[in-house]
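Take a look at the letters that make up each chain.
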Amino acid sequence: MRRQLGPKKNSAVADKVFKIGATVAATFVLVIIVLVVFELATGSVPIWQKEGASFITGSTWNSVEGRESYGAAPYILGTFVTAGLAMLIGVPISIGIAMFLSELAPKFVRTPLSFVIELLAAVPSVIYGLWGLFVFREYLRDWIEMPLYNAFGNNVWIFSGNPFGLDIFTASMVLAIMIIPTISAISREIMLAVPNSQKEAAYMLGATKWEVFKLAVIPYSKSGLIGASILGLGRAVGETMAVTMLIGNATGPSAFPHSLFQPGQTMSSIIANEFSEASTTGLHLPALVGIGLILFVVAVGINIIAHLLVARVLKAHEGAVLA
Amino acid sequence: MTKKLLLGLALMLVLIIPTTSLSAIAEFTTSLNAAGATFPFPLIDKWRVEYNKIHSDVQLNYQSIGSGAGIKLHTTKVVDFAGSDAPLQPGEASQAPGTLHIPETIGAVTVTYNIPGVDKGLKLTGPIIANIFSGKIAKWNDKMITDINPTLTLPDQQIAVAHRSDGSGTTFVFTSYLSKVSLDWQTSIGQGKSVPWPVGIGAQGNAGVAGVIKNTPYSIGYVELAYVMQNNMTSAFIQNADGNNFVEPTLATIAADAAVAAGNLPSADGDWSKVSIVNEPGKDSYPIASFTYLLVYKDLGQVSGMTQEKAKAVVDFLNWVIHDGQQYSTSLLYVPLPDAVVKLDEQGLSQIQYNGAPVPEFGQIAAIVLAIAIISIIAVSAKTGLRFMPKY
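Here the protein sequences come in this chain order: A and B. The C-terminal position of the first sequence is numbered 323 in the numbering used here, with every residue numbered one higher than the one before it. The C-terminal position of the second sequence is numbered 1392 in the numbering used here, with every residue numbered one higher than the one before it.
Mixed in with the good hints there might be a few duds.
Chain A is nowhere near these chain B residues, computed Cβ spacing over 10 Å in every case [claimed, not checked]:
# : residue
1 : Q1095
2 : G1167
3 : S1194
4 : V1195
5 : P1198
6 : I1201
7 : T1234
8 : T1307
Quick list of in silico lysine-lysine cross-link-like pairs, DSS-like style, CA-CA up to 27 Å [said to hold, decoys possible]:
#  : chain 1 : residue 1 : chain 2 : residue 2
9  : B       : K1004     : A       : K16
10 : B       : K1143     : B       : K1123
11 : A       : K107      : A       : K16
12 : A       : K19       : B       : K1004
Honestly, the hints are just simulated from the structure, not real lab data. Glycine is no exception: its CB is placed at the ideal position from the N, C-alpha and C atoms.
Whole structure, please, built from the sequences with the hints as guidance.
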């Protein structure tokens, strides 16, 4: 019965159902985005009315009834600083891993190592957070933070503060470790996708391994590598659990990131910290929703910049090929 | 085709059985839905087990999602009662008129520290604690601290302050104590579930703060009594309102504080927003203590899903909590309610009424809708010859 060809009209209906189903699924994404923006915008109206632009530039954060005043600047900066530091540390290491795995590693290392890296990408962030909190921060504090603080603490502002191990530096380090698997796994795929003809051509000209990378692999995979890094940046900006556990969660002006060894706060961590107990009557909840809106805008902005960058690199690359 | 129909039927059964059986169970047992504060959760969970032993038809479902979230659910009338560490503030009370405050147990906040070389016995006064947590006292050998601790050798080390990063009832109790004993604190920082801390590291939950203190030398922080006792941490002796006595936090000293406070509380349906039992007089009173409350509507009829029977079950359970339930407090490191507070609770619970009309259960309607939806999907797919597998 199954092998019998169905009558024509049935397949027409099936086609229609398929078309409608796929369209509905696609619309779903748009509807969700619109609803998210709508909720964030309407939920944060009271805070924009009260604070105006100073909600973005201000630094006080007081939810005590009768003294409410909110400014998100320290958390916006905190997000950029931690994500930026994580990228600074994470991207070179990730690209290094990808180079090793795609070209240099012997066959018997390549497969297990790639598997391990993909496994790391799947570790939940709370695990990284717990590991950072109970294990990693003590090593960081005793072996890196204390020596740096003792050597430069009084002279160099970024090493000043009071290193407890729960600070912007620890959070950024763990963030870097968290984004490495994501970036390196994708970068490896991209480097493997470089056509052999390109590499062989370079080798034929007598290029060393490094020159092959420089001349053939990197130019060909540039846009992909940028895309992979942006994916990592997306994770670093939005990461909540691990950061909340490690960044020290300062609020108000003291959360301004003026040194590596001081507690800070990011946009996602302050939402995670205060949302569940935010007062339903005051401006606390609208303020947190407002931060959610800023975070959303930042995320969209990063994606747009990423697209523009990739497009530009692609264009330049085409030009290079033609010339 | 028959195979596919059977598959569809099986799928439907898998989806339907849990929903229908749930509503079938619901007819035999009454489930009480509650949510709120995390602090009393271990005790409430013990109550759930013990109460179910004697009333097997009542099943309590308490979700410890935090006081603020509990108050939100109470305001929107979707839980039968809510737990909160702080009383309703005026703004919140106006959104949930007719709320009764039923204090169900007493907790205390301890000031705990980790100073290598200094064991038990550090003495602190309210103003000193306020100065430490506002950053005005930065070192352990500050003159204010050494003056009242002549027997201890305190190190010349920076104080690492740890506080809660999440909004919490613990912070509310601690900061309301500091506001009461230090005018400076009251004017510059104030009291609340989260306050603008000028210094220190924020950690999540009691466990988080306790963890930071254990792993950080020369640190200080505030943690619920139970966490300190379970983790063998050291807590400071704190000067109480009588002035000349430094009191160690124990169940007995906290009970002493609460007993003094019990005399001047409002009635259960009154305004509790100003109620605080911190810093009560009495020689043995430990000063940083607090009630934790169950919030319940005087007219239960307005709560969604409420029936006459269920309302009775709620009142019976709450009555059991304030009487027989109190015997489980001590073993879990909570302080049993003083008699005067139990009397107050009794009066409050006797006011609960149920006037609303019975509300149809949502579970059954949802099940019927789901069944119709699934049957029609199967019928349509059978009719039109839609296939999961490609045709050959």
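Here is how each hint holds up against the structure:
1. Q1095: violated (7 Å)
2. G1167: violated (3 Å)
3. S1194: violated (5 Å)
4. V1195: Violated: least Cβ distance 6 Å, not greater than 10 Å.
5. P1198: violated (6 Å)
6. I1201: Label violated. Min Cβ-Cβ 4 Å, cutoff 10 Å.
7. T1234: holds (19 Å)
8. T1307: With a cut-off of 10 Å, T1307 of chain B remains clear of chain A, as the shortest Cβ separation is near 27 Å.
9. B:K1004 - A:K16: Given that 27 Å is the threshold and the Cα spacing comes to 21 Å, the pair holds.
10. B:K1143 - B:K1123: holds (13 Å)
11. A:K107 - A:K16: violated (49 Å)
12. A:K19 - B:K1004: This hinted pair holds, its Cα atoms lying about 23 Å apart.
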